[in-house]
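Q: The lines below spell out each chain.
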Amino acid sequence: MSPADGPEQFSSEQVAILYREHGEKLRRLVIGILRDQSLADEVLHTVFERLIERGDSIRDDVRGWLFRVAANEAIQVKRRQARERRAVDQAAWLAGARQSGENAAEGEVIRDEIVADVRRAIAALPEAQQQVVRMRIYENRKFAAIAAELDVPLGTVLTRMRLATERLGQALRKSIDPDQ
Amino acid sequence: MSANHETLGEGRDDLDWLAFQYVAGELSPAEEERFEARLAIDPEAAEAVARAVTLGEAVSLAFRGDAVSGSRPVDTLAATETRPATLEPAPANRSSVARTASVATAACVIVAALLISFRDDGAVHDDELSGGSVKSRSMAHRSQSVGDAAVPPPGAGSDLNSLLLETWTDTRESVAALDSDSLTETVSVEVAESRADLASDVPDWLFVAVELSHDPVPGRSNGNVLEN
Chain A
1020 MSPADGPEQF SSEQVAILYR EHGEKLRRLV IGILRDQSLA DEVLHTVFER
1070 LIERGDSIRD DVRGWLFRVA ANEAIQVKRR QARERRAVDQ AAWLAGARQS
1120 GENAAEGEVI RDEIVADVRR AIAALPEAQQ QVVRMRIYEN RKFAAIAAEL
1170 DVPLGTVLTR MRLATERLGQ ALRKSIDPDQ
Chain B
162 MSANHETLGE GRDDLDWLAF QYVAGELSPA EEERFEARLA IDPEAAEAVA
212 RAVTLGEAVS LAFRGDAVSG SRPVDTLAAT ETRPATLEPA PANRSSVART
262 ASVATAACVI VAALLISFRD DGAVHDDELS GGSVKSRSMA HRSQSVGDAA
312 VPPPGAGSDL NSLLLETWTD TRESVAALDS DSLTETVSVE VAESRADLAS
362 DVPDWLFVAV ELSHDPVPGR SNGNVLEN
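In order, the protein sequences belong to chains A and B.
Read in order, the letters of the first sequence correspond to residues 1020 to 1199 in this note's numbering.
Read in order, the letters of the second sequence correspond to residues 162 to 389 in this note's numbering.
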């Protein structure tokens, strides 16, 4: 979607459509950078306020603009937080998963059928990969700690995780968009 | 540790893996800074981060579902540091979820009460066989008529039977309400076409911000009241 030619600002319907189309992905991008749900909401708010302010000056792809602005804003906030010595040490998906439960009104809930598809995909993984996925994502242990506990080289853990994420990523994409 | 994203022929999988490591906090500080510089200018990298977060959420929920079902007890960082992420439905369904929960609770109470009354019934049966008391026989009669809320069982003055009747009445009302409302409550995942549909999924502050930006301010040429 692109703004109309000329100094036209986005209408509320246009902004709402853009929010609907890109809001959740933008939220997840920002959570991925900040690993903090409430900060992510603030950044998202800022991004769309900028869109409303400067809608008439956006010449290129609006989607690309939104992602660049969101990333830049989140990185700025992260650096500010680092300077303020605020420790944000939790996995991004924990913040995101909490969002799915707490405030589903403003975000896209990961549908039950998607979770079910991912669960099946996990079950189809080799046992060794399942174990690493569980320990890294669900139990939030670092790769080095996993390697130490399993008594395998770090490279082996990384390889297992990478192969697993490729297969799970394919299952997830197929579940979200079966026509893809 | 990380894949070198600067090598030629970096595919989507390579970018996704790099994004995953970034989201997981597994990159070194230098790698992280380099990736963030890329994020600022590369929407594809940004989308890869969003995909990584989505994948992590879905996997977490998948494992959490297994934990809730009792397949494996979990005492994890995820469980202790965050409120459990549950597969809660969209807000439009929360009232029906509450009703469903009350129905389930009521059902448990009824089952428990019936089990207790069956035990009494069993004892009564033994009493009857052995020529038990009138009181025991009346207890047996009450337990048989528990299912009919319209006709209170004779002598239904006991706390147990009052609880059963009250619970059964509430349950029937909740089920009736659930049946009529749940038909109209669905989780929509398609892009809305009407303002009403948009408004239901878009936060209010967005519309307020748009309205403020469109309000003409005397003395300003572009009418934009928001400052850079």
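Accuracy of the hints is not assured; some may be wrong.
[What the hints assert, rightly or not] Pairwise CB distance ranges (calculated): (1) A:Pro1197 x B:Cys269: 30 to 40 Å; (2) B:Gly186 x A:Ser1030: 25 to 35 Å; (3) B:Cys269 x A:Pro1172: 30 to 40 Å; (4) B:Glu205 x A:Gln1149: 22 to 32 Å.
[Unchecked claim] Here chain B is said to cover these stretches of chain A; the calculated rule only asks that three of the stretch's residues, wherever they fall, bring their Cβ under 8 Å from a Cβ of chain B: (5) 1033-1039; (6) 1048-1057.
These are calculated hints, taken from the structure and not from any lab test.
Note that CB positions come from ideal geometry on N, CA and C, so glycine has one too.
Q: All hints, please: hold or fail.
A: Against the structure, the hints:
no., hint, result
1, A:Pro1197 x B:Cys269: 30 to 40 Å, "holds (38 Å)"
2, B:Gly186 x A:Ser1030: 25 to 35 Å, "violated (40 Å)"
3, B:Cys269 x A:Pro1172: 30 to 40 Å, "violated (50 Å)"
4, B:Glu205 x A:Gln1149: 22 to 32 Å, "holds (29 Å)"
5, 1033-1039, "holds (count 5)"
6, 1048-1057, "holds (count 5)"
Of the numbered hints stated above, those contradicted by the structure are hints 2, 3, listed in ascending order.
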